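*Asks:* Residues per chain, in single letters:
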Amino acid sequence: MWRDTVLVAGKDLRIEARSRVALSQVVPFGIVALALFAFALGPDRAPMAKAAPGLFWVAVLFTTVLAVQRSVSVESGDGARDGLRLSGLDPAGQFLGKLLSVGAQLVALEVVLTAGVVLLYGARIEAWWMIVASCLLGTLGLAAAGVLYGALSAGLRVKETILPFLLLPVVTPVLLAGTRIWQAALAGGTPSYGSPWFHLLIAFDAVYLALGVVVYGPIQESA
Amino acid sequence: MAPAAPPTSALSLRNVVALSGRFPLLAGVDLEVAVGETVLVEGPNGAGKTSLLRVAAGLVPIASGHLSVLGLDPERYRTTVRRRVGLLAHASHLYDDLTVRENIRFAVRAAGADTARIDGACDRLGLVGRLLRTPAAKLSAGQRRRVALAVLVARAPELWLLDEPHAGLDAGARRLLNELIAEANAAGATVVVASHEPELVAELASRSITVTGGRVTAERTFGPTGAEAPGAAGLGTVATDAPAPDAPAPDAPAPDAVALRAAPVPPPDGGIAHVA
Amino acid sequence: MTTTAAATSATTPTAGPFPPGLVQSPRMIWTTRIIGIAAAVTVALTVWLGLWVTPPDKVQGDLVRLVYIHPGVAWVALYLAFGLAAVSSLLYLWPRTRSLFWDRLAAAAVEVGVVFNVCTLISGSIWGRPTWGVWWAWDARLTLTAVLLILFLGYLTLRRVPAEPDVRAKRCAYAALFAAVDIPLVHFSVVWWKTLHQGATVLNANLSPSIHGSMAWTLLLGFVALTLVFVWMLLVRYRIGALEDYLGTGELEVALLERRSEGADGLAAAGAADVTAPDVTAPAPAATATAEVAR
Chain Z
1 MWRDTVLVAG KDLRIEARSR VALSQVVPFG IVALALFAFA LGPDRAPMAK AAPGLFWVAV
61 LFTTVLAVQR SVSVESGDGA RDGLRLSGLD PAGQFLGKLL SVGAQLVALE VVLTAGVVLL
121 YGARIEAWWM IVASCLLGTL GLAAAGVLYG ALSAGLRVKE TILPFLLLPV VTPVLLAGTR
181 IWQAALAGGT PSYGSPWFHL LIAFDAVYLA LGVVVYGPIQ ESA
Chain C
1 MAPAAPPTSA LSLRNVVALS GRFPLLAGVD LEVAVGETVL VEGPNGAGKT SLLRVAAGLV
61 PIASGHLSVL GLDPERYRTT VRRRVGLLAH ASHLYDDLTV RENIRFAVRA AGADTARIDG
121 ACDRLGLVGR LLRTPAAKLS AGQRRRVALA VLVARAPELW LLDEPHAGLD AGARRLLNEL
181 IAEANAAGAT VVVASHEPEL VAELASRSIT VTGGRVTAER TFGPTGAEAP GAAGLGTVAT
241 DAPAPDAPAP DAPAPDAVAL RAAPVPPPDG GIAHVA
Chain G
1 MTTTAAATSA TTPTAGPFPP GLVQSPRMIW TTRIIGIAAA VTVALTVWLG LWVTPPDKVQ
61 GDLVRLVYIH PGVAWVALYL AFGLAAVSSL LYLWPRTRSL FWDRLAAAAV EVGVVFNVCT
121 LISGSIWGRP TWGVWWAWDA RLTLTAVLLI LFLGYLTLRR VPAEPDVRAK RCAYAALFAA
181 VDIPLVHFSV VWWKTLHQGA TVLNANLSPS IHGSMAWTLL LGFVALTLVF VWMLLVRYRI
241 GALEDYLGTG ELEVALLERR SEGADGLAAA GAADVTAPDV TAPAPAATAT AEVAR
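Protein chains in written order, with the numbering used here: chain Z, 1 to 223; chain C, 1 to 276; chain G, 1 to 295.
Some clues are possibly wrong.
[Stated by the list, open to error] Pairs of lysine-lysine residues, derived as DSSO-like cross-links and limited to a Cα-Cα distance of at most 30 Å, are as follows:
| # | chain 1 | residue 1 | chain 2 | residue 2 |
| --- | --- | --- | --- | --- |
| 1 | C | 138 | Z | 159 |
| 2 | G | 58 | G | 194 |
| 3 | G | 58 | Z | 50 |
[Said to hold, decoys possible] Some chain C residues flagged as far from chain Z (calculated, every beta-carbon gap over 10 Å):
| # | residue |
| --- | --- |
| 4 | 32 |
| 5 | 91 |
| 6 | 97 |
| 7 | 109 |
| 8 | 174 |
| 9 | 185 |
| 10 | 197 |
Treat the hints as calculated values from the structure; they're not laboratory data. On a predicted model such as this, the values are computed, not experimentally measured, just so you know. Every residue gets a Cβ at the ideal spot worked out from N, C-alpha and C, and that includes glycine.
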């Protein structure tokens, strides 16, 4: 399974390196979202700084939808989805591989958006480790749920429009937890308020990781 | 873990029905292919040749009947079976952004095969030099087919399923393809070829079956001298000329009509006997 | 071809827990009617007790009468409908119990659940207006109900995508599974969202009054009444779904025959013949098919 994980992740990341879609389209979308929020709330930076945690995570969520769509569309050409089924790759490995590749893109996005939030909104971060931990754990959950729903909608003609509608409500816990942890980590926050939320993120990640490893194969076969 | 005993039968179908929704792709196929055989599958368009190959590759689940590929149940031992079976389909399953070499490497490693054979396979199929570094998106259809063949040769699966492999290839490539099939045969692999042009494969195949209406309706074996002999085993008449269109029909309906009357009120929740 | 070919009539893997043909049986029709009547009676009783017989609350006044419906619809939407949909979907996915019965039951439960869910939100909002001063204050339970509604709607959207019954069933069952494991997580996150935060005072006025005496009995009756309404709607919706699927069943045998009789010219020789949708009541599909064959 792990060998296949590395194979699939490597394949997806190599395709990304070749086509640079994440770099040129997915990550910039996150920045566009930040700008739109600024236009909506500004020009005074105070409300933006106050809302920064939420705005950050909402931008991440919307961009996740794009990243998942991209991950699904890598296989949409020339029967490549059948090709993956025929390839003899372990489905659990395929799930983890795609998760790693989507997750890597999301982490890159979050680095950029964190910088954006600090620079553009004037957010002041105190507990950096909480920011990093919440981003990593949140990304894991978002990628897991995203890849799962991507697989579910991969064969549908309406997949572009149905994926956001299915995925975004499900990742509400990540949004709530991430936002709360960020609030606790910013200047004026109390770090200890973050701890139950970490437990929630870990639970979310565990559930969707376990689900993905088990049902990704059957979903591929039935789509 | 899959059982380790070497299979005696490469492909075994007994009364297999495969559905696409409500449409029967295969309507009761009986077929036995022994290890090392080369079998040609003929039949008109839409008869079920591609479906037969896809079922054998494990892409399409069967609704009823018994299917075993290389001695294993393809639904239970999915990954194992897929690694040992190679399907050459109409689509070439390539990633447009990756180069030829990267595509082949990925497919070979995915199947768990030895990457040392890749160079030899590429040379054999004339994929050298700059072509190896070309992204798949820029290839012509014939070149894509050659890449898919290279993957097959490098993977060296035990069962080769080729769906109209000669279509779109020039004469040189066709010769090469026949050589590859002969080599695979010599190496002990089992080859099943679906083709509209039986004369191309006839000298390689030991047997030919005809698929019409989702079933195997005729069979002929090729003797050592290459001459044909009509098939036996009650599979129907030799279909060299098109039979009267309702010739098969009068035979089938009576027992089926009895079966239908005997069946109870349509039970959507009713069971089927899926013998695996 | 021998008559043992009858075994190949194929639509679903297992028979499900109830005998086939149950949906149209007189027993089922009468059961549905009786449950419907019981539901109507208990609802009427609840309305009478709730609006006239029981006293108004000291604090909330007449507003408290919503307690006879709001917790009831909430219980049905959040636990009964959702739980049934989740369990049915799991049973569909589990190979040994796979049967389109569970898929149809899950779909019916979700559809009826949407109705109750909306009622929960509306009744909660009406209750909240005088209590909180606003139509919506992101109360933990109502927010959870709203998220569940969106997940339900997602399921129904997936269901609308045209597909064969078994493909659609699998897809929706997986979606239900993903949503089912999500709901406990959403529940905790929403509750903590309201209660664990850094000290801002929030309007936390609770919707729940204290219940005693005749109010308690009426509340209980309300639960029973609404549960009966749910069961009745579920049965009706399930039967509609099953009848829709029945319309297509007899076609498989016909399709197999047509397929087999395709001549060497590749065209379906018998395909030109019109196969009318078989009458749903019993032996008609077989009769139609044999008529086709005899032609």
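*Asks:* Are any of the numbered hints broken by this structure? If so, which, sorted upward?
*Replies:* 3, 5, 6, 7
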